[in-house]
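If you want the building blocks of each chain, they are given just below.
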Amino acid sequence: MGDVGAAPALSFDGVSMVFPDGTHALRETTFDVRAGEFVTVVGPSGCGKSTLLRIASGLTKSTGGSVDIADGNVGYVFQDATLLQWRTVQKNVELLAELEGIDKVERSRRAAENIALVGLDGFEKKYPKQLSGGMKMRCSLARSLVMDPKIFLFDEPFGALDEITREKLNDELLSLFQRKGFAALFITHSIYEAVFLSTRVLVMSARPGQIVGDFKIPFAYPRSPELRFGAEFAELAGQVSHALRGAHV
Amino acid sequence: MSNAPVTAAGGMQGAIQHDQLNKLRAGDDAPRAAKKQHNISDYAAPVIGFGGFIGFWYFMSYWGLTHIWGKPKFLITAPHRVVKDSFIDDRSRTALLHGLYWTARVSLIGLVIAIIIGMALAIVMSQARWLERSIWPYLVAMQAIPILALVPIIGSIFGFEIPSRIFVCVLISLFPIVSNTLFGLLSAERGQHDLFTLHHVSRWTRLTKLQLPNAMPTIFTGFRIAAGLSVIGAIVGEIFFKRGDKGVGILLDSYRSRAQFPQMYGALILAAALGIAVFIIFGWFNNLVVGRWYESTRKSG
Chain F
1 MGDVGAAPAL
11 SFDGVSMVFP
21 DGTHALRETT
31 FDVRAGEFVT
41 VVGPSGCGKS
51 TLLRIASGLT
61 KSTGGSVDIA
71 DGNVGYVFQD
81 ATLLQWRTVQ
91 KNVELLAELE
101 GIDKVERSRR
111 AAENIALVGL
121 DGFEKKYPKQ
131 LSGGMKMRCS
141 LARSLVMDPK
151 IFLFDEPFGA
161 LDEITREKLN
171 DELLSLFQRK
181 GFAALFITHS
191 IYEAVFLSTR
201 VLVMSARPGQ
211 IVGDFKIPFA
221 YPRSPELRFG
231 AEFAELAGQV
241 SHALRGAHV
Chain U
1 MSNAPVTAAG
11 GMQGAIQHDQ
21 LNKLRAGDDA
31 PRAAKKQHNI
41 SDYAAPVIGF
51 GGFIGFWYFM
61 SYWGLTHIWG
71 KPKFLITAPH
81 RVVKDSFIDD
91 RSRTALLHGL
101 YWTARVSLIG
111 LVIAIIIGMA
121 LAIVMSQARW
131 LERSIWPYLV
141 AMQAIPILAL
151 VPIIGSIFGF
161 EIPSRIFVCV
171 LISLFPIVSN
181 TLFGLLSAER
191 GQHDLFTLHH
201 VSRWTRLTKL
211 QLPNAMPTIF
221 TGFRIAAGLS
231 VIGAIVGEIF
241 FKRGDKGVGI
251 LLDSYRSRAQ
261 FPQMYGALIL
271 AAALGIAVFI
281 IFGWFNNLVV
291 GRWYESTRKS
301 G
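From first to last, the protein sequence lines are chains F and U. Residues in the first sequence are numbered consecutively from 1, following this note's numbering. Residues in the second sequence are numbered consecutively from 1, following this note's numbering.
The following block holds chain U by itself, in its conformation from the complex:
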């Protein structure tokens, strides 16, 4: 039986999501409070914030950089130049959108592999405490190893093209999937476990009818964190493993080396946009699957 105390230390890293924070702020998520109320300030504030951000960018580009740090202003390209040179210019746009495609593709493949391996590991670890204790240290260690140090080894084994980039994505996004899934699997209430025990169910039934569904909200939190990391992994991987199709990371590096700052900022914006998109998609996916039943501020029993 696996109602061992939850030992997934730090397993909930980042587990309190944006929407959960909002509910916490509202103080009470009574059943009827489910319907969202939109105030004008819900929209106005982000728009003003965005305006402020662009304003600050112009300020740094035209005045801040030269007057505060005494550095040339081309180091921070003004927003309209970035848009013009990266996204309106045909050649740059084509290169960047292709880059986006390859980066997105690599990070998605990496994420899927990490999800499969990570969930399998977590399920294995949830079955016995000794398994959990034997596997856990390696996962933590994996987090601490700088990928830079492994570059020659990964490259020699998988080559300096896409497979190595995928490997980096898996390496970097595995941990949050394992830790969040494991935490979810082990967090079913004792009473619920007792109920299943009373009916002499198999491990399989307990897993599929109690532990896995119970873990869905935390599993999705893990996916969301992992998806963001996988995008980072793809870009970092591209910087190390440059052969083959050019992703955003490779473009970023070559624009940097050729001092094409407008395009470099364009590539940065695309990388950021990909991260945001992935975050939003998984949030939406999460709502679709567990939104109907999940109560984010549960009483701890």
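So here's chain F without its partners, still in its complex pose:
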């Protein structure tokens, strides 16, 4: 996707990260995420993938290089749903709009719209403890969607879910991606998830993290769930897996 001329929504230029305790998390990392692109980073545990997102969002300051983000309106979806347990689904989805000072009527309208979009209508009055893991994630997604961000950062959002729920949410995430046209930077452990979702998959090496593989995923959107069983899909997944194996050593 993404026309080649488009300005990058997010660009990393020689970004490196050494933590105060001496942990070298990232070695000069350079890549762009363009508008309409879905870029996924796969890599071994502890290779600094999450650090990448924290730097992109400004939560962590890098120790070298520079990060450019075209629009300050960033959606961040965490590993845990990070819902506020004392708020209902409706109030959770309204949270970010509330923090940004958007008025009551408008934020409740936006919340209702996005709750419907992620298929949680009917659950507005429920509390997080009454939701399953998948539903919590949907709620978390809706919460970010309310601000209509131009770029989304996903930190292994579906890692804790069972396979079936994960695949279902993958399908739905893609339809959101098509519909909203945001740029996405997605972190995952799962090669299949990476290949299925992305326009591009980056493979990171073990610490200090560095991009050692860059794969274009040519499948057109919308992608049907059956895509996962095709030979071409398997071939690509194999290539990514091979690169990842190399990255482990």
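None of these hints come from the bench; they were simulated from the model. A few of these clues could be false.
[To be verified] With a Cα cut of at most 27 Å, we get these calculated BS3-like pairs of lysine-lysine: (1) U/Lys84 <-> F/Lys61; (2) F/Lys125 <-> U/Lys209; (3) F/Lys91 <-> F/Lys125; (4) F/Lys168 <-> F/Lys125; (5) U/Lys209 <-> F/Lys104; (6) F/Lys104 <-> F/Lys180; (7) F/Lys129 <-> U/Lys209; (8) F/Lys216 <-> F/Lys125; (9) U/Lys246 <-> U/Lys84; (10) F/Lys91 <-> F/Lys216; (11) F/Lys150 <-> F/Lys104; (12) F/Lys129 <-> F/Lys91; (13) U/Lys84 <-> F/Lys126; (14) F/Lys91 <-> U/Lys246.
[Claimed, not checked] Computed far set for chain F versus chain U, every beta-carbon distance over 10 Å: (15) Pro8; (16) Asp21; (17) Leu95; (18) Ser108; (19) Lys129; (20) Gly134; (21) Glu163; (22) His189; (23) Ala206; (24) Ser224.
Note that the coordinates shown come from a computational prediction; the quantities given were computed from them, not determined experimentally. The beta carbon of each residue, even a glycine, is placed where N, CA and C say it ideally should be.
Start from chain F and add chain U according to the hints.
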């Protein structure tokens, strides 16, 4: 920012409540398990337990004390005598109920003051690690000081009447409020803090929209512990500061000195009942405020 690691050592003292233990025993508090099932044994067991307790009391009063320890039986008054002499007898009943009123009043005032000071302290301490580290030792020290040693000082300053009793209540119930509130304030998940950081919120917004609501369950645990302690504080305070209105503690002391054992046991029962009532009221209050959303066995992140 205050996502410093939780250092409230022992801050969760007694934080696992009765109902939480029950959930832990049930093994799984899946969302749908919220509806309580009552078995006959849920009621039968406490009733049998109470019967056993009364039986044991009679046993000690009529046989145990004389045959095992060789002591006179009047030291443990039989239950029916206690009820008759303390609660059926008009004079005793009036004195005891008045006492109950004054003790309850003092402990409630003390508790409210402790809640205000304690929460304010905890909020201040949650704002910076250096504040927490500077204030914490004094709170711990306060716990270790025997109130008996302070009696002359407290008395000289506040007098030997009600204000001094209230002071004892505050002194004794402050710590669990501070420690539980602080623990709650510092225990919001990192991801939740990140979310707020991403939206450049003020300290005030972070406090009121994230930390305080997140702390409500532990704050209530603190209140509950503090309420019980405040009742003890009021009774202990009355024993030291006897002037003015007669609370249960003063009655307890004067019945003791006059060897009026039935009334003394009556006063003890009232003191215990007040403690239980306070515990139940705060439990009920807790359910009202956080019961809808609070999941007691949370995954630690």
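Restraint check for U/Lys84 with F/Lys61, where alpha carbons must lie at most 27 Å apart | violated, 75 Å
Exclusion check [F/Glu163 not at the chain U interface, CB over 10 Å] = holds, 20 Å
Grab the minimum beta-carbon distance between F/Ser108 and chain U and tell me whether it stays above 10 Å.
-> About 17 Å separates F/Ser108 from the closest Cβ of chain U, which puts it past 10 Å; holds.
Would you check the hint for F/Lys104 and F/Lys180, treating anything up to 27 Å between C-alpha atoms as holding?
-> Answer holds: F/Lys104 to F/Lys180 is near 23 Å, not above 27 Å.
Report holds if the minimum CB distance from F/Ser224 to chain U is greater than 10 Å, and violated otherwise.
-> holds, 33 Å
Given hint U/Lys84 paired with U/Lys246 - CA-CA distance at most 27 Å | Holds, because 21 Å separates the two Cα atoms, which is no more than 27 Å.
Restraint check for F/Lys125 with U/Lys209, where alpha carbons must lie at most 27 Å apart | Holds: F/Lys125 and U/Lys209 sit about 19 Å apart, inside 27 Å.
Within a Cα-Cα threshold of 27 Å, do F/Lys216 and F/Lys125 meet the stated pairing?
-> violated, 42 Å
Is the nearest Cβ of chain U still more than 10 Å from the Cβ of F/Asp21?
-> holds, 15 Å
Given as non-interface: F/Ala206, which should sit over 10 Å from chain U by C-beta | F/Ala206 clear of chain U: closest Cβ-Cβ about 24 Å, beyond 10 Å.
Far enough from chain U: is every CB of that chain over 10 Å from the CB of F/Leu95?
-> violated, 8 Å
When you look at the beta carbon of F/Lys129, is every beta carbon of chain U farther off than 10 Å?
-> Violated: least Cβ distance 4 Å, not greater than 10 Å.
Hints 1, 8, 10, 13, 14, 17 and 19, counting from the list given before, are not met by this structure.
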